[in-house]
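Protein chains: 2
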Amino acid sequence: MTEEKYTVGIDFGTLSGRAVLVDVTNGREVASAVHDYANGVIDTQLPDSDVYLEPDWALQDPNDYLEVFKNTIPAILKRSGIDPKDVIGIGIDFTACTMLPTKADGTPLCVLPEWHENPHTWVKLWKHHAAQHEANKLNETARRLGYTFLDRYGGKISSEWFFPKAWQILDEAPEVYAAADRLIEAADWVVWQLTGIETRNSCTAGYKAMWSKSEGFPPNEFFKALDSRMENIIDQKMSREISPLGARAGGLSEEAAGWTGLLTGTAVAVANVDAHVSAPASTVTEPGRMVIIMGTSNCHMVLGPTEEHVPGMCGVVEDGIVPDLPGFEAGQSCVGDHFEWFTENCVPTSYEREAREQGINIHELLERLAAFQKPGESGLLALDWWNGNRSVLVDVDLTGLLIGATLATKPEDIYRALIEATAFGTRTIIEAFNTNGVPVNEIIATGGLPDRNKLLMQIYADVTGLCIYVAESSQAAALGSAMYGAVAAGVEAGGYENIAAAAKHMARLRDEYYQPNFENKAVYDELFVEYVTLHDYFGRGENDVMKRLKTIKAQMRTG
Amino acid sequence: MTEEKYTVGIDFGTLSGRAVLVDVTNGREVASAVHDYANGVIDTQLPDSDVYLEPDWALQDPNDYLEVFKNTIPAILKRSGIDPKDVIGIGIDFTACTMLPTKADGTPLCVLPEWHENPHTWVKLWKHHAAQHEANKLNETARRLGYTFLDRYGGKISSEWFFPKAWQILDEAPEVYAAADRLIEAADWVVWQLTGIETRNSCTAGYKAMWSKSEGFPPNEFFKALDSRMENIIDQKMSREISPLGARAGGLSEEAAGWTGLLTGTAVAVANVDAHVSAPASTVTEPGRMVIIMGTSNCHMVLGPTEEHVPGMCGVVEDGIVPDLPGFEAGQSCVGDHFEWFTENCVPTSYEREAREQGINIHELLERLAAFQKPGESGLLALDWWNGNRSVLVDVDLTGLLIGATLATKPEDIYRALIEATAFGTRTIIEAFNTNGVPVNEIIATGGLPDRNKLLMQIYADVTGLCIYVAESSQAAALGSAMYGAVAAGVEAGGYENIAAAAKHMARLRDEYYQPNFENKAVYDELFVEYVTLHDYFGRGENDVMKRLKTIKAQMRTG
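Protein chains in written order, with the numbering used here: chain A, 1 to 559; chain F, 1001 to 1559.
Hints in this document: simulated from the structure, not taken from any laboratory. Mixed in with the good hints, there may be bad ones.
[Said to hold, decoys possible] Within a straight-line C-alpha distance of at most 30 Å, the following computed DSS-like cross-link-like pairs (lysine-lysine) qualify:
no., chain 1, residue 1, chain 2, residue 2
1, A, Lys547, A, Lys504
2, A, Lys454, A, Lys156
3, F, Lys1070, F, Lys1005
4, A, Lys103, A, Lys213
5, F, Lys1213, F, Lys1127
6, A, Lys553, A, Lys137
7, A, Lys5, A, Lys504
8, A, Lys547, F, Lys1547
9, F, Lys1005, A, Lys547
10, F, Lys1103, A, Lys550
11, F, Lys1005, A, Lys410
12, A, Lys553, F, Lys1521
13, A, Lys410, A, Lys550
14, F, Lys1005, A, Lys374
15, A, Lys550, F, Lys1454
16, A, Lys410, F, Lys1410
17, A, Lys454, F, Lys1553
18, F, Lys1550, A, Lys374
19, F, Lys1127, A, Lys521
My request is simple: use the sequences and hints to build the entire structure.
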């Protein structure tokens, strides 16, 4: 007989769901399992149909999410041999905003035969980019009418967010909008499926649906100004009851217990977002320490002592990352993607051959070669805007720039310059926080990049002048969800009182960390001045050449 | 018995010399032969010695030039079966400034055993770049003392030119300077070897040694201000007697007749420069039509109705291209080199494989892919400064810039943007001429690129809005030299009265030409506005980031 208790954390990603079974005492991962979504990202054709999608669409099948529960949880129970009665809680995190229309009982419209072939009834994935028109109108209307809620989001919201997506349904398929009793984040929908109880979490509500703890949602008049049919969207299709993170959404339903092999009544935490749940999993539950999830893109999260308006952030939400503190989010839209683009498009055969001979991949070869260089030695400088700029300029129409090339410029020079550019981008974000009352004193890195590129980590330390620690778990999101599962279970069941207590026991950092080399930093300080000058010249309206080139490009493509 | 007359043109390049035997009636090439210099470019170690060279040095062996005469002329005579008595003249052209110190009888110092191991006694090739220090001091002194002759050279002269190289000898090897009875262009030296008569041509004197037909050389006081030991350099080691192009330097000496198989007394023309001699070979002997030699770099030549000071040109020299007209020269230092750099450093394996499968080279593949695009469609714009900017900014410290990159940017997009950038660079030069009283109404292209890249030619036509014709001969320099050989021979011998008459009969254009597509030009006009804005922002002092990056780079390299 054991006293040990466990929780399950499930991280719903873009292509698959991952479940981990975690020891509540110490956060140790006991077992894990991954289930790939059968329909993946639906971006060309609806499954089992002749319905084709427009460009920029990205849908998912909600059944794929339920399959994650049905496959992964039994698998981790079996692999670990843990008795289900010792599993005290479940937490989940999701991509966001990923949303769907359902009937009042939670049935997704898309599973109903009469709605199956209408694309607007399916889940709109976070990277569904077809609601830009609605986002533009929303931003413009809010500004025109003098609403201030956009200030919490750097001045404008993205087409990826909740209301542009909801409004696109109304615009393009009013019959779907009318038939939808509920419009809901997939994060909240899967919790609903586990518990039979509809809840709405403060993280997605705050970061993706313009909700604030003190002000609630924008007023009905605002929605009416967008489209009179949307006036009562909150009360008709959503909810004003927003649950704080760590709250218990309910107990596992009998049906869900049947899917998973867990006991009926097992505590299920309110839903969370993959990025935000990684913060406590990286030990951060207090102000001053920034978490950066470093992968294809960078997501920066920091808790503030007070709610400040930092220009160009993605959002500030009280209760958005941990309860009772304002959580700030910023982002860089092109980091790992940048290096991937580079290796796919710009690295010559001789380098591929060299990598093969050394038995390493091309990233490792470039990293090795670039590591021989000192800062500034290549003479190159780049603006890291290959995919626009998320923070602090919030402008998708900005593009990449490389300056300083000569006939002696080598691939590793450019590779290093791209790394440095993303580090300068992060420093720009940190300086925006620091100068606006949100201190950033050290960095905790998580995500895929810290494991893959030590040079990059050192450059980030040198450029920012901050120590960078690395979260121990390579599955921070799933661990964070399991931690919230322990909080939802509560102390009596063997869990924790709050996320800070859970983090103290279940989250940890690696021993190794990256300390800034201040000789390098001195050079990077010089280069950063140049970066900022170019950043402002091209990014703040002095020379809008990037946008004009994009306009010409669009004109030439459409003929 | 035939009435046909022939001349020999010899083009001394960087690695080899090429002789052509040409029919004086119609310019038809009857035979040609190439001889590679045994010692090529000497840039690491003196031949047969333990003497190593500093970086940036580039020397040659004068004996290699004589071997060209001894090998190629007998070969073309033999191949053609032409009777030497029907060969009425010889002309030569050379790279410049390529200069050497000799004794009073023309013996190169480097062939004398006592001087053989001193690198300063060898020929300094055009791309010997170790006299930058002297060039800087010369430019600074001329400016400080208020001399105006630099105005003819865009405000400063290059380290490649005659006096920086001569001064470097004096600075670093005063004993060599003292032992040198003559300092002379290799172009003039080889003519001296053919004829036994020392002449100095107006082209190298004007473009490389600051001579002007109306003002002569800079005054002795100027040279004294540089270094008192140089005060009398012109009278002691050079000559004030400058021969116009097309003049007869002398008749072939008995010794040279022995080397070549030609008759003693055969007319030898005054020497010429490879670029400039290509102008009449491209049919240009009057104002209004610009010749562009398109190869690793671009050299632009145009004749003016009057001597104007066009800011940023490489030089204006009366008699410099053809007698009695001011010849203007401008240049772009990175054209073919640019595409070569790109294919060597930035083209992925998949493209190399594709090229192999299609049985074409990588340039051809990129050209094909880029040709599918419309102007502006890639969204990219570049500044073509990978090797600095020769005209119109005259600044070697400028560097390359690429703007507009996204994650969808492909290699062919960048390749096309680099081509377009060099076309914008040419347009900048043409506009500088046009707005300063030197009309450019059409372009004649010659050199290696016109044969290799039709897309590039069309882009140049579209960007400049000018028709581009292509010189028929693929050996324009050697043909031009042969034409000057016919002028030196004179009408009585079966040659021509002047270069215009020679050009009328001996030079021609191809039938095919490139006409601007004015729909494309309209787009390029928009892009050119953006190019000029960036050109001026980065090139005219508003943001000297390129230079600061170079300074940091130099500091980091030297430690």
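Now the hints, each set against the structure:
1. A:Lys547 - A:Lys504: violated, 47 Å
2. A:Lys454 - A:Lys156: Not OK: lysine 454 of chain A and lysine 156 of chain A at ~35 Å, beyond 30 Å, violated.
3. F:Lys1070 - F:Lys1005: Holds. Lysine 1070 of chain F to lysine 1005 of chain F sits at ~22 Å (cutoff 30 Å).
4. A:Lys103 - A:Lys213: Status holds; Cα separation ~27 Å.
5. F:Lys1213 - F:Lys1127: holds, 26 Å
6. A:Lys553 - A:Lys137: holds, 24 Å
7. A:Lys5 - A:Lys504: holds, 16 Å
8. A:Lys547 - F:Lys1547: Holds, at roughly 26 Å.
9. F:Lys1005 - A:Lys547: violated, 63 Å
10. F:Lys1103 - A:Lys550: Measuring from Cα to Cα gives roughly 64 Å; hence the hint is violated.
11. F:Lys1005 - A:Lys410: Not satisfied, since the Cα-Cα distance of roughly 53 Å exceeds 30 Å.
12. A:Lys553 - F:Lys1521: The hint holds at about 15 Å.
13. A:Lys410 - A:Lys550: holds, 28 Å
14. F:Lys1005 - A:Lys374: Judged against 30 Å, a Cα distance of about 64 Å means the pair is violated.
15. A:Lys550 - F:Lys1454: Since the Cα atoms of lysine 550 of chain A and lysine 1454 of chain F sit roughly 27 Å apart, the hinted pair holds (cutoff 30 Å).
16. A:Lys410 - F:Lys1410: Satisfied, since the Cα-Cα distance of roughly 18 Å is no more than 30 Å.
17. A:Lys454 - F:Lys1553: Holds: lysine 454 of chain A and lysine 1553 of chain F sit about 23 Å apart, inside 30 Å.
18. F:Lys1550 - A:Lys374: Holds. Lysine 1550 of chain F to lysine 374 of chain A sits at ~14 Å (cutoff 30 Å).
19. F:Lys1127 - A:Lys521: violated, 38 Å
Checked against the numbered hints listed earlier, the structure breaks hints 1, 2, 9, 10, 11, 14 and 19; every other hint is satisfied.
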